[in-house]
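Asks: Residue strings, one per chain:
There are 2 protein chains.
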Amino acid sequence: MFAGAQVSLYPMTDGFVSVILSSLKALDPWRDQLRIETDDISTLMVGPPEVLFPALRDLFVQAAGTGEHVVLRCTLSRGCPGEPDDPICQTSSLANPDEPIAARQQKALMAIADPVETGERADAQFSLYLMGAGDHMLEIMGCIDFLKQSGTFDRSKNFCTRLTGDAGPVFATLQQAFCQFGAPNGHVTIDLTVSANSPSLR
Amino acid sequence: MFAGAQVSLYPMTDGFVSVILSSLKALDPWRDQLRIETDDISTLMVGPPEVLFPALRDLFVQAAGTGEHVVLRCTLSRGCPGEPDDPICQTSSLANPDEPIAARQQKALMAIADPVETGERADAQFSLYLMGAGDHMLEIMGCIDFLKQSGTFDRSKNFCTRLTGDAGPVFATLQQAFCQFGAPNGHVTIDLTVSANSPSLR
Numbered sequence: 000m001f002a003g004a005q006v007s008l009y010p011m012t013d014g015f016v017s018v019i020l021s022s023l024k025a026l027d028p029w030r031d032q033l034r035i036e037t038d039d040i041s042t043l044m045v046g047p048p049e050v051l052f053p054a055l056r057d058l059f060v061q062a063a064g065t066g067e068h069v070v071l072r073c074t075l076s077r078g079c080p081g082e083p084d085d086p087i088c089q090t091s092s093l094a095n096p097d098e099p100i101a102a103r104q105q106k107a108l109m110a111i112a113d114p115v116e117t118g119e120r121a122d123a124q125f126s127l128y129l130m131g132a133g134d135h136m137l138e139i140m141g142c143i144d145f146l147k148q149s150g151t152f153d154r155s156k157n158f159c160t161r162l163t164g165d166a167g168p169v170f171a172t173l174q175q176a177f178c179q180f181g182a183p184n185g186h187v188t189i190d191l192t193v194s195a196n197s198p199s200l201r
Numbered sequence: 000m001f002a003g004a005q006v007s008l009y010p011m012t013d014g015f016v017s018v019i020l021s022s023l024k025a026l027d028p029w030r031d032q033l034r035i036e037t038d039d040i041s042t043l044m045v046g047p048p049e050v051l052f053p054a055l056r057d058l059f060v061q062a063a064g065t066g067e068h069v070v071l072r073c074t075l076s077r078g079c080p081g082e083p084d085d086p087i088c089q090t091s092s093l094a095n096p097d098e099p100i101a102a103r104q105q106k107a108l109m110a111i112a113d114p115v116e117t118g119e120r121a122d123a124q125f126s127l128y129l130m131g132a133g134d135h136m137l138e139i140m141g142c143i144d145f146l147k148q149s150g151t152f153d154r155s156k157n158f159c160t161r162l163t164g165d166a167g168p169v170f171a172t173l174q175q176a177f178c179q180f181g182a183p184n185g186h187v188t189i190d191l192t193v194s195a196n197s198p199s200l201r
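Chains as they are written, first to last, in numbering that gives the first Met the number 0: chain A, 0 to 201; chain B, 0 to 201.
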């Protein structure tokens with residue numbers, strides 16, 4: 000299995016370079032569990048979902064803590080048939096394919112029952128894509144049902160769903176959406192935007 | 000059919016609000032062919048691909064013309080089974096499902112043979128997702144073959160492909176990737192990032 004994310008931080012300030020560089024320090028505790036490569040557009044993080052999502056949360060929280068309007072954007076993927084197996088991605092966090100969707104929804108809710116609180120608000124918007132075998136819309140609707148019970152559901156928009164709340168529960172909820180829906184050996188991706196300190200909300 | 004995009008501009012400058020507002024003027028010539036709604040995270044643009052992509056190109060070119068480091072990010076979608084049919088999305092730009100992939104690649108190449116030149120460089124990175132029936136990896140590999148012949152192909156990365164060149168051919172190539180691959184009545188999405196004036200490239 001191969002899993003990971005292409006991640007970018009967009010600080011809306013003249014000092015964007017220093018916000019990006021100082022925020023990346025939040026990844027240091029995770030570096031031995033991730034493979035990280037950076038270019039001018041994004042940073043690749045390769046690793047299992049249970050490492051990726053907390054690492055993304057810490058990156059976002061560090062950036063949000065600067066007080067600047069900053070957006071974290073990423074493309075998450077697991078199980079892409081075009082990518083090689085990678086031992087660093089080994090995970091036990093994916094759903095059991097024999098379980099019906101209702102059981103997976105319950106597991107997802109239990110997993111987010113006691114999330115880390117970070118003190119930083121996250122306004123997130125994301126789309127979940129499930130490719131290959133199976134009824135992808137059934138899984139997506141099952142995921143949306145879970146999101147509505149997650150405690151961070153804000154609203155549905157065209158093409159995506161909004162979550163709002165402390166970054167802890169928001170990223171925990173995103174992790175469950177990524178892990179509990181779609182086949183464990185399927186090709187699942189998320190297109191994610193998380194905004195902090197937007198002046199539009201003041 | 001329903002088609003559209005959730006679009007955001009991220010100008011990396013203290014004056015981000017004025018860059019966003021001045022750039023949005025580039026959409027004025029397209030407004031009668033699009034339905035546009037804005038919130039604090041993104042702007043929804045609903046309309047057919049042959050309007051969406053030139054409108055996105057003009058928005059990007061206007062923002063890039065400020066000289067600031069600015070990123071346009073969008074989630075494009077067509078044929079999502081969860082969205083209602085909308086007359087504004089009526090299009091004749093989608094591939095004929097009876098045509099083999101090689102014929103669609105040729106059509107895509109012919110469509111980008113004489114693109115508009117804008118004078119602004121675009122560094123783009125995107126993922127194409129095809130859901131529902133059919134062999135989605137075959138279509139994706141067919142699209143990547145087309146991209147390699149497009150004249151703006153830069154390189155493949157994990158989870159995505161990079162295009163570089165004048166914004167005219169780059170957005171024309173993206174439009175063909177969106178229209179010629181996957182079934183016309185299928186559910187096709189693109190996760191797109193386009194960067195201008197990055198200091199990392201200086």
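Be careful, since some hints might not be right.
Note: identical chains are not told apart, hence a pair may lie in one copy or across any two.
Pairs of lysine-lysine, DSBU-like flavour, derived with a Cα cap of 35 Å [as the list claims (entries may be wrong)]:
| # | residue 1 | residue 2 |
| --- | --- | --- |
| 1 | LYS106 | LYS24 |
| 2 | LYS24 | LYS156 |
| 3 | LYS156 | LYS106 |
| 4 | LYS106 | LYS147 |
FYI, nobody ran anything at the bench for these hints, they're computed from the structure. Because the structure is a prediction, the values reported are computed rather than measured.
Asks: Now, for every hint given, state plainly whether the structure supports it.
Replies: Quick rundown of the hints versus the structure:
| no. | hint | result |
| --- | --- | --- |
| 1 | LYS106 - LYS24 | within (32 Å within a copy, 47 Å between copies) |
| 2 | LYS24 - LYS156 | both (33 Å within a copy, 24 Å between copies) |
| 3 | LYS156 - LYS106 | both (26 Å within a copy, 33 Å between copies) |
| 4 | LYS106 - LYS147 | within (15 Å within a copy, 43 Å between copies) |
Against the hints set out earlier in the document, no violation occurs for any number.
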